[in-house]
Amino acid sequence: MIIPAITIGAFSLMMLVHYYDLEKDFRREYKEVTALFSALQQDQERITYGILQSALFAYYDQDTLATDRKDLHRHAAQIPQNKILDKELYRPLKDDLITLEDEITEYIILIEDYLIINAGIKNSYVFLSTHESKAHELFSVDSKPVQTIHAMIDSIMQAKRMLDNSHMQD
22 MIIPAITIGA FSLMMLVHYY DLEKDFRREY KEVTALFSAL QQDQERITYG ILQSALFAYY
82 DQDTLATDRK DLHRHAAQIP QNKILDKELY RPLKDDLITL EDEITEYIIL IEDYLIINAG
142 IKNSYVFLST HESKAHELFS VDSKPVQTIH AMIDSIMQAK RMLDNSHMQD
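Heads up: the sequence shown runs through residues 22 to 191, numbered per the numbering used here.
I should point out that these hints are in silico values taken from the structure, not numbers from a laboratory.
Some hints could be false.
Said to hold, decoys possible - Okay, the calculated beta carbon distance ranges per label pair:
1. 175 x 140: 16 to 24 Å
2. 112 x 147: 18 to 26 Å
3. 41 x 78: 52 to 60 Å
4. 122 x 49: 16 to 24 Å
5. 91 x 29: 53 to 61 Å
6. 25 x 51: 56 to 64 Å
7. 56 x 25: 18 to 26 Å
8. 25 x 47: 27 to 35 Å
9. 43 x 112: 14 to 22 Å
10. 119 x 166: 54 to 62 Å
11. 78 x 164: 48 to 56 Å
12. 73 x 110: 51 to 59 Å
13. 114 x 140: 33 to 41 Å
14. 134 x 169: 39 to 47 Å
This structure is a prediction, so every number in the text was calculated from the model and none was measured.
We put the beta carbon where it would ideally sit given N, CA and C, even for glycine.
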């Protein structure tokens with residue numbers, strides 16, 4: 022009677038240790054993937070904030086946006102590689118996350134296109150603003166060149182407010 026009890030007790034103890042190991046691995050993998058989701062969200066928020074700063078301020082350091090874009094892409098690539106997503110229950114999510122990674126790549130391309138357009142607008146504005154002050158020295162306030170420069174500055178500022186590429190090209 023004592024041998025079956027010891028056998029059952031030893032088996033129960035081994036099952037408990039095995040369950041503890043599985044739970045510990047799951048907890049670790051879960052924390053890793055949730056930390057990556059959190060990092061992904063923070064990267065996206067920093068990018069959005071950086072884009073707003075870039076749109077509002079004439080001079081803004083684009084290096085921080087470049088770093089944030091790289092981090093966003095890196096975190097998006099790391100999430101589908103997490104072991105927890107290999108489990109059968111999470112495989113559909115893993116497929117969606119791979120699609121999300123492709124969409125993030127497209128999002129980053131759109132951000133870069135925006136930054137290029139925004140840089141053109143800012144450079145044009147700074148260039149024309151500089152010449153506006155010099156134009157007053159060369160021409161009268163009501164002259165055609167001064168009015169043209171004012172109209173161009175207004176047009177550039179309108180394009181900046183609308184963030185419209187077709188308006189910029191016109």
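Cross-check of the supplied hints:
Taking 16 to 24 Å as the suggested C-beta distance range, the pair residue 175 and residue 140 conforms, at roughly 20 Å. Here the CB-CB span from residue 112 to residue 147 is close to 52 Å, at odds with the stated 18 to 26 Å. Checked against the hint of 52 to 60 Å, the pair residue 41 and residue 78 passes, with Cβ atoms roughly 54 Å apart. Between residue 122 and residue 49 the C-beta distance comes to about 23 Å, which sits within the given range of 16 to 24 Å.
Look at residue 91 against residue 29: about 56 Å separates their beta carbons, and that is inside 53 to 61 Å. Restraint check, residue 25 to residue 51: a C-beta distance of roughly 38 Å breaks the suggested window 56 to 64 Å. The hint said 18 to 26 Å for the Cβ distance between residue 56 and residue 25, and at roughly 46 Å that hint is violated. In this structure, residue 25 and residue 47 meet the distance hint of 27 to 35 Å, their C-beta atoms being roughly 32 Å apart.
One distance hint, 14 to 22 Å for the beta-carbon pair residue 43 and residue 112, holds here, with the actual separation near 19 Å. Residue 119 and residue 166 have their C-beta atoms about 57 Å apart, which keeps the hinted 54 to 62 Å range intact. As the Cβ distance of residue 78 to residue 164 is approximately 32 Å, the hint placing it in 48 to 56 Å is violated. In this structure the hint that residue 73 and residue 110 lie 51 to 59 Å apart at CB is violated, the actual value being about 39 Å.
Our hint of 33 to 41 Å for residue 114 and residue 140 holds, since their Cβ atoms are close to 38 Å apart. Between residue 134 and residue 169 the CB atoms are about 29 Å apart, so this pair departs from the stated range of 39 to 47 Å.
Checked against the numbered hints given earlier, the structure breaks hints 2, 6, 7, 11, 12, 14 and satisfies all the rest.
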